[in-house]
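Student: Chains as they are written, first to last, in full-length UniProt numbering: chain R, 1 to 430; chain U, 1 to 430.
These are calculated hints, taken from the structure and not from any lab test.
A hint or two may mislead.
Same chains, same names: a pair is fine if it fits in one copy or spans any two.
What the hints assert, rightly or not - Dumping the calculated DSSO-like pairs for lysine-lysine here, alpha-carbon to alpha-carbon at most 27 Å:
1. K421 to K152
2. K319 to K152
3. K52 to K356
4. K97 to K52
5. K168 to K421
6. K52 to K152
7. K240 to K319
8. K52 to K337
9. K241 to K45
10. K224 to K328
11. K378 to K412
12. K45 to K412
13. K2 to K328
14. K364 to K240
Number of protein chains: 2
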Amino acid sequence: MKKISVGLLGFGTVGTGVVHLLTNDQQRLVQQTGSQIQISKILVKDREKSRKMDQYDHLLTLNPSDVIDNPEIDIIIEVMGGIDDTRKYIHRALKNKKHVITANKDLMALYGTELLQAAADEGCDLYYEASVGGGIPILRGLTDGLAADRIKKLIGIVNGTTNYILSKMSHQSVSYEKVLQEAQSLGFAEADPTSDVEGLDAARKMVILSHLAYSIPVTLEDVKVEGITRVAEEDIQYSKKLGYAIKLVGIAEVEDDEIDIRVGPTLLPFNHPLASVDNEFNAIYVYGHSVGETMFYGPGAGELPTAIAVVSDLITVVKNMAYGINGKHIFLPLQEKKCKSSETVESQYFLRLHVKDQPGALSKVTGLFNDQGMSLQKIIQEPLLSGNLAEVAIITHTTEQQRFEQIYQLLKDLEDVIDVKSYYRVEGMK
Amino acid sequence: MKKISVGLLGFGTVGTGVVHLLTNDQQRLVQQTGSQIQISKILVKDREKSRKMDQYDHLLTLNPSDVIDNPEIDIIIEVMGGIDDTRKYIHRALKNKKHVITANKDLMALYGTELLQAAADEGCDLYYEASVGGGIPILRGLTDGLAADRIKKLIGIVNGTTNYILSKMSHQSVSYEKVLQEAQSLGFAEADPTSDVEGLDAARKMVILSHLAYSIPVTLEDVKVEGITRVAEEDIQYSKKLGYAIKLVGIAEVEDDEIDIRVGPTLLPFNHPLASVDNEFNAIYVYGHSVGETMFYGPGAGELPTAIAVVSDLITVVKNMAYGINGKHIFLPLQEKKCKSSETVESQYFLRLHVKDQPGALSKVTGLFNDQGMSLQKIIQEPLLSGNLAEVAIITHTTEQQRFEQIYQLLKDLEDVIDVKSYYRVEGMK
Numbered sequence: 001m002k003k004i005s006v007g008l009l010g011f012g013t014v015g016t017g018v019v020h021l022l023t024n025d026q027q028r029l030v031q032q033t034g035s036q037i038q039i040s041k042i043l044v045k046d047r048e049k050s051r052k053m054d055q056y057d058h059l060l061t062l063n064p065s066d067v068i069d070n071p072e073i074d075i076i077i078e079v080m081g082g083i084d085d086t087r088k089y090i091h092r093a094l095k096n097k098k099h100v101i102t103a104n105k106d107l108m109a110l111y112g113t114e115l116l117q118a119a120a121d122e123g124c125d126l127y128y129e130a131s132v133g134g135g136i137p138i139l140r141g142l143t144d145g146l147a148a149d150r151i152k153k154l155i156g157i158v159n160g161t162t163n164y165i166l167s168k169m170s171h172q173s174v175s176y177e178k179v180l181q182e183a184q185s186l187g188f189a190e191a192d193p194t195s196d197v198e199g200l201d202a203a204r205k206m207v208i209l210s211h212l213a214y215s216i217p218v219t220l221e222d223v224k225v226e227g228i229t230r231v232a233e234e235d236i237q238y239s240k241k242l243g244y245a246i247k248l249v250g251i252a253e254v255e256d257d258e259i260d261i262r263v264g265p266t267l268l269p270f271n272h273p274l275a276s277v278d279n280e281f282n283a284i285y286v287y288g289h290s291v292g293e294t295m296f297y298g299p300g301a302g303e304l305p306t307a308i309a310v311v312s313d314l315i316t317v318v319k320n321m322a323y324g325i326n327g328k329h330i331f332l333p334l335q336e337k338k339c340k341s342s343e344t345v346e347s348q349y350f351l352r353l354h355v356k357d358q359p360g361a362l363s364k365v366t367g368l369f370n371d372q373g374m375s376l377q378k379i380i381q382e383p384l385l386s387g388n389l390a391e392v393a394i395i396t397h398t399t400e401q402q403r404f405e406q407i408y409q410l411l412k413d414l415e416d417v418i419d420v421k422s423y424y425r426v427e428g429m430k
Numbered sequence: 001m002k003k004i005s006v007g008l009l010g011f012g013t014v015g016t017g018v019v020h021l022l023t024n025d026q027q028r029l030v031q032q033t034g035s036q037i038q039i040s041k042i043l044v045k046d047r048e049k050s051r052k053m054d055q056y057d058h059l060l061t062l063n064p065s066d067v068i069d070n071p072e073i074d075i076i077i078e079v080m081g082g083i084d085d086t087r088k089y090i091h092r093a094l095k096n097k098k099h100v101i102t103a104n105k106d107l108m109a110l111y112g113t114e115l116l117q118a119a120a121d122e123g124c125d126l127y128y129e130a131s132v133g134g135g136i137p138i139l140r141g142l143t144d145g146l147a148a149d150r151i152k153k154l155i156g157i158v159n160g161t162t163n164y165i166l167s168k169m170s171h172q173s174v175s176y177e178k179v180l181q182e183a184q185s186l187g188f189a190e191a192d193p194t195s196d197v198e199g200l201d202a203a204r205k206m207v208i209l210s211h212l213a214y215s216i217p218v219t220l221e222d223v224k225v226e227g228i229t230r231v232a233e234e235d236i237q238y239s240k241k242l243g244y245a246i247k248l249v250g251i252a253e254v255e256d257d258e259i260d261i262r263v264g265p266t267l268l269p270f271n272h273p274l275a276s277v278d279n280e281f282n283a284i285y286v287y288g289h290s291v292g293e294t295m296f297y298g299p300g301a302g303e304l305p306t307a308i309a310v311v312s313d314l315i316t317v318v319k320n321m322a323y324g325i326n327g328k329h330i331f332l333p334l335q336e337k338k339c340k341s342s343e344t345v346e347s348q349y350f351l352r353l354h355v356k357d358q359p360g361a362l363s364k365v366t367g368l369f370n371d372q373g374m375s376l377q378k379i380i381q382e383p384l385l386s387g388n389l390a391e392v393a394i395i396t397h398t399t400e401q402q403r404f405e406q407i408y409q410l411l412k413d414l415e416d417v418i419d420v421k422s423y424y425r426v427e428g429m430k
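Same shape as in the complex, but just chain R (with noise of 0.2 Å):
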C-alpha cells in the first residue's frame, strides 16, 4: 500500500485534533483513500511544553527546515497560525513540491491569491477548508456543490465569539462587558479580543468567501469593517419587539459586476435562516440567482470540528494525488475588481432615538421622514424611566446609504431629538 507522509507545522489546538483524527481512524482513512497516512514531524515552538498527546514527543521538531525541506515528506498541514514566518514557509513548501492544507484565515485573507498562484505553477494543492466556518465545508458547497450557480449574496455569521456574546445579550438581558468575561472565562473569546469584536475575523472570513464565491480579488481593505463594541442592550431589546435579531454578520454581494463587500450588526428578521443561529454557531447564508436561498450551518470552531475541516482537505489531497491531478483544482479570483460606491449602497435600517417626553415629538420626528419623502416601515416609543425622555425605535424602508446619512444628519438637528443613540442596517427578506 502506497504511504503517504505528512508534517504539521503547528501542534496547538487544531493540531492536536487533527493528529488525534490522524491516530484513532487509520483504518478509515485507509478504506477513504487506499493509502497509509503517517506523521513524519511536528514543528513546535517548545518541545517541553506538556502535551495532551506524548506518544509523538520524538517527532517533534523546533526547526521548520525539518518539515518544509524534508525529502520524505509529500502534505504540509499548516496550523500554526501567524503570518509573515507562515507565508515563508509555505512558499518554501510549495517550492519543494509539497502539498498544502492550511487553517490559517489572516494569512489566506492577505496572501490567499499568491499562495495560491504559486501552488498552482508548483502543481501542487493548496485547501483551506478550515479557514471559514470550522467544520462546516462551505468553500466546497461554493467551488463544487453551487458550482453552476452565479451567486448573487453571500450572508455569514463567520465569527463565534460574537454571536455568542450577541446571544447572550439577547437571551440573558445582559449587557456587552458582562457577556465578553463570561465568554472569555468560557474560552469563548479570548483574552484580547480585539479581532473578534471588532470585526477583523469577520472580514478576513469574508474576503476568502468572496475569491471563490464571485472570482472577485478583493482585498481586506475593501471591506467595510465596525464590530459589537457599541451594540446596546436596548438596541436588542428593541430589534425583538420589532420583530429582528442583530447579529454580526459579513455581506458581500454582487450586482451590475459591482461588489459591496461589509462587516457589521445588522438586524435580520426572525423568519431569515440566520436568525436563529445562536451562540458559538457559525452559518453562511448563500443566495445564489437560480438556486434561490441556502444555508451551511454547524460549529464555527473548535478542535475537532476544525480538524475534521483539514483531515477532509487531506483525504482529498491524497485521493488527487493518486489520480494524479494535484494543482489542478485551484481557484484564482479572476473577475476585475470593481467595488461598489458606499452611498449608492441600498438597505433598510434601524434608529434608536432619544426624544423629548412631549406632545408632537414624535409626529415631529415621523414628519422630518415624511417631508423626506422616506417611508417608515415600523416604528415604537416607549417613556424611559429617567429624565422626562421618550426612546423611539424604527425601521425605515430601503434607501441608499447616502440618502439614510442626509436623514440621520438632519434627524440629530431636530429640536425635540435629544440623541440618535443607535442605528444598523437591516437585512429584508428575498
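Position chain U against the provided structure of chain R, taking the given hints into account.
Tutor: Just chain U, lined up with the frame of chain R:
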C-alpha cells in the same frame, strides 16, 4: 477547445431548467471546465407538446436509442423519472461508456447500488446530487466536506410537500385537508400526493443519504415509514404549547454498527436547527462524532434549484473527463448491514389523550407512568369544549420503544382515559 456532447432523457420541469442553464451560462461553463458543452439530443414522449424553449425542437426524439446509443454523446442527463425503463436506459448508456447524471431518487433508492457498481465497472461517472434536497449540495457534503468524520445521526426534512403542509397547519391553524388542497392548487403538492404525504418519498431519500453517510446498504424495506395524514391540528397546537414543532423527518442513526432508519412525524424542540425550516424548504441535519452539529439548508425542489444540482454534477463530470479520472469517485455501500431492533430504539414521546374532566383523572394518568417507572418531562391539561372531557398532552423522558408500547396499552385501558388520540416520537437536543 474540447467539445462535450450531452444528451437528455426527459424535457419536463428539471430538464427545462437544465437546458436553460446550459443555454444561458455557456461562458461560465467554458471558464469552469475549459470545454464547450452542447446539447445533442433530447428524448421526449411527445414531440408536439408546446414548450418554453422551442429553439431545441430539432433535437427532440422519441427514440431512446438516439440518445443512449448515440456515439457522439459523452454524457447522459436523466431527468425523465420512472424506474423500469429508466434503469435499462442507464445501464445501456453506461455499457456505451457514457457518463450519467440523474435526478431520479426513486431509481437511486431502489437500484442505486447496482447502477453505481455498473458505472464503476465501466469506468464511468454516475452522479445524483439532485436526487436528494434539490439545490442543496448534501451528497457532496457527506462524501467530501465531512469525509473525515464518522456520522452518528442524520435527520432530514427531505420532502417539501409535507413540510409545506405542516408549516401552514402550524402557522395558520388550519386542517390537513384544507392545506393539502391549497398546496395542490399552488403546485406544491401533486394531484395524487400519496408518495409525499405517506412518507415514501422521504424514505427513498433517506436510503440514498444512508448509503453515503454510513456506507451501509439499507433498502426501502428497512425504513419504518409513517406519513402525515393522521396529524391533527390539535397535535400541532399542543406541541407548540410544549415548545416543539412537528415536522416530517427521516432519521437514520448508527449505534454500535447497527442502523435504525425511519420516517415519521416527529416533534423537534424550537431551538433545534431544523425546527425553523419552514414551507417548501428542505434541510439535512448531520451529527458527526467529531464535527458535532451541522446543517445544510435550501430549496428541496423546483426547476432551477434542481437544475443547479444537475449542472454542478455536469461540471464535475466534464472536469473528470479532462483529468481522466471518471469512475473513480463512486461511493458504494461497503459495510455490512445490521439493523437495530425497533423495540430497543430509545426516544422521548409525545402523547395526546382525552380523559374524563373530573378530579383525579390526571393523577391516575401520571400515577400510571410513575408506577411503570417512566418519568414525564412536560404535561398540559386543558378542558375540552364539549363532552365533559379534558385533553392532556405529555412529553415523556427517553424510553425504549417496547417499554413505551407497553405503557401505551396500559394507558388505553385506564378507566378515566377515553382515548389516546395520538403519539409521536420527540427528538431531543444533543
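Student: Please go over all the hints and tell whether each is borne out by the structure.
Tutor: For each hint, the structure was consulted:
Taking identical chains as interchangeable, the C-alpha atoms of K421 and K152 are never at most 27 Å apart, the minima being 33 Å within one chain and 48 Å between chains. Taking the closest pair of Cα atoms, K319 and K152 come within 27 Å of each other only across two copies (24 Å); inside a single copy the shortest separation is 32 Å, beyond that limit. In this assembly of identical chains, the alpha carbons of K52 and K356 never lie at most 27 Å apart, being 61 Å within a copy and 61 Å across copies at closest. In this assembly of identical chains, the alpha carbons of K97 and K52 never lie at most 27 Å apart, being 32 Å within a copy and 52 Å across copies at closest.
Taking the shortest Cα distances, K168 and K421 sit within 27 Å of each other inside one copy (21 Å), while across copies they are farther apart (39 Å). In this assembly of identical chains, the alpha carbons of K52 and K152 lie at most 27 Å apart only when taken from different copies (25 Å versus 45 Å within one copy). When the C-alpha separation of K240 and K319 is checked against a cutoff of 27 Å, the pair qualifies neither within a copy, at 49 Å, nor between copies, at 48 Å. In this homomeric assembly, K52 and K337 never come within 27 Å of each other (Cα to Cα): the closest approach is 46 Å inside a single copy and 36 Å across copies.
Proximity of K241 and K45 under a CA criterion of 27 Å is satisfied in neither setting, with 51 Å inside one chain copy and 55 Å between copies. In this homomeric assembly, K224 and K328 never come within 27 Å of each other (Cα to Cα): the closest approach is 33 Å inside a single copy and 44 Å across copies. In this assembly of identical chains, K378 and K412 lie within 27 Å of each other by CA distance solely inside one copy; the values are 20 Å within and 51 Å between copies. With identical chains, the CA atoms of K45 and K412 are never at most 27 Å apart, being 54 Å at best within one copy and 68 Å at best between copies.
In the homo-oligomer, the alpha carbons of K2 and K328 lie at most 27 Å apart both inside one protomer (21 Å) and across protomers (17 Å), since each shortest distance falls under that limit. In the homo-oligomer, the alpha carbons of K364 and K240 lie at most 27 Å apart inside one protomer (25 Å), although the nearest pairing across protomers, at 42 Å, exceeds that limit.
Consistency with the previously given hints fails for numbers 1, 3, 4, 7, 8, 9, 10 and 12, ordered from lowest to highest.
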